[in-house]
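Under numbering that gives the first Met the number 0, the first residue of the sequence shown carries the number 0, and numbering increases by one thereafter.
Some hints here could point you the wrong way.
[What the hints assert, rightly or not] Distance ranges between label pairs, derived from CB positions:
#1 A219 to R46: 47 to 55 Å
#2 Q117 to K93: 19 to 27 Å
#3 E160 to D336: 46 to 54 Å
Think of the hints as simulated: they come from the structure by calculation, not from any bench.
Ideal Cβ positions, reconstructed from N, Cα and C, are used throughout, including at glycine.
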Amino acid sequence: MKSTLFCFLFALNCLVLKGQTESFLQDIKQDSAVDLYLTLNWKDMERHKKDQTYLPAQVRLRTPHGDSLHLDLKVRTRGHMRLDICSYPPIKLKFDKSDLAKYSLSSLNEMDLVHHCQDGDQYNQYLLREYMCYKIFELISPYHFHVQLVRLHYENPAGAEAHETSYAFLVENPEELVDRLQAKLNKSKIVNSSAVERLAFLKMSLFEFMIGNTDWYIPARHNLEFIGVPGFKLLVTVPYDFDYSGLVDAPYAAHHESLKLSSVTVRYYQGWCQTDEEVKDAVKIFEDQKEKILGMCDHIQGLSERSKKYTREYLQDFFDIIENPRKFENQIMKHCDMWPTK
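From just these sequences and the hints, can you work out the full model?
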């Protein structure tokens with residue numbers, strides 16, 4: 000009897016601890032969009048767009064479990080190119096840790112919010128296509144950033160709507176990524192290619208080629224995080240920021256000038272030269288996920304029929320390449336180690 004009671008109390012305690020250590024992003028995670036109300040002085044946000052000053056804000060939402068969350072936080076703009084060209088650049092969210100504790104959530108209090116660059120439904124579509132890129136990479140690698148789609152309600156402190164409600168998505172912070180994976184974040188300013196795990200990099204390179212993205216670069220850590228994962232001697236690459244990809248096809252996107260490509264939708268493989276066997280193993284992962292990859296567009300809330308058609312056809316082009324021996328040889332196997340000049 001005592002043994003049974005002990006086991007029950009131990010299991011109950013584990014469940015409580017698990018609930019206490021769940022992050023905000025994990026607590027609200029669901030397949031459909033979460034309605035998120037973000038209240039702040041949006042005019043002040045516009046004034047401090049370039050200096051990236053933190054401003055006070057509040058968030059309220061209802062979790063998938065039916066709980067209401069009301070949280071204080073600080074927000075500021077973030078990014079590089081989008082900070083210059085977008086009316087709505089990405090936002091850094093920094094929650095009050097004591098507020099998180101009130102809801103038995105972990106102290107992991109930072110994340111990014113990506114919303115539409117400009118007004119208009121077409122920019123909502125670009126955003127949803129970028130969100131789709133993150134969801135596709137989840138199919139390719141267990142080492143990925145978690146994202147959560149939201150319907151963002153822009154509110155002023157007086158309660159009035161500041162902007163039209165639009166889609167946006169939350170991206171987990173690198174610190175939360177490594178906490179979730181029980182990994183370690185590498186913060187070296189420069190990363191040598193010899194320090195990177197080959198298969199993980201190969202899968203990522205093929206993924207970037209699939210979505211038509213060249214906006215990444217290992218030595219400068221551009222749009223990549225490097226993590227030390229249990230079981231790997233070398234660093235694993237985790238990509239982010241896909242708005243310059245051909246799959247998104249945003250009007251402001253551009254290739255590096257040294258590539259001399261005619262369009263952002265033109266694919267350019269930037270992976271290393273690796274053995275036939277290594278590439279074959281990596282390609283099989285994509286082939287095994289082909290149906291889910293091509294069908295992903297049907298599971299992205301808010302994606303228009305036009306966007307579904309475009310993204311499905313663009314992704315099908317990738318499979319046409321890897322399934323055609325001549326195209327595969329010319330565009331991938333013989334096109335390795337083709338880094339642009341940064």
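_Hint numbers contradicted by this structure_ = 1
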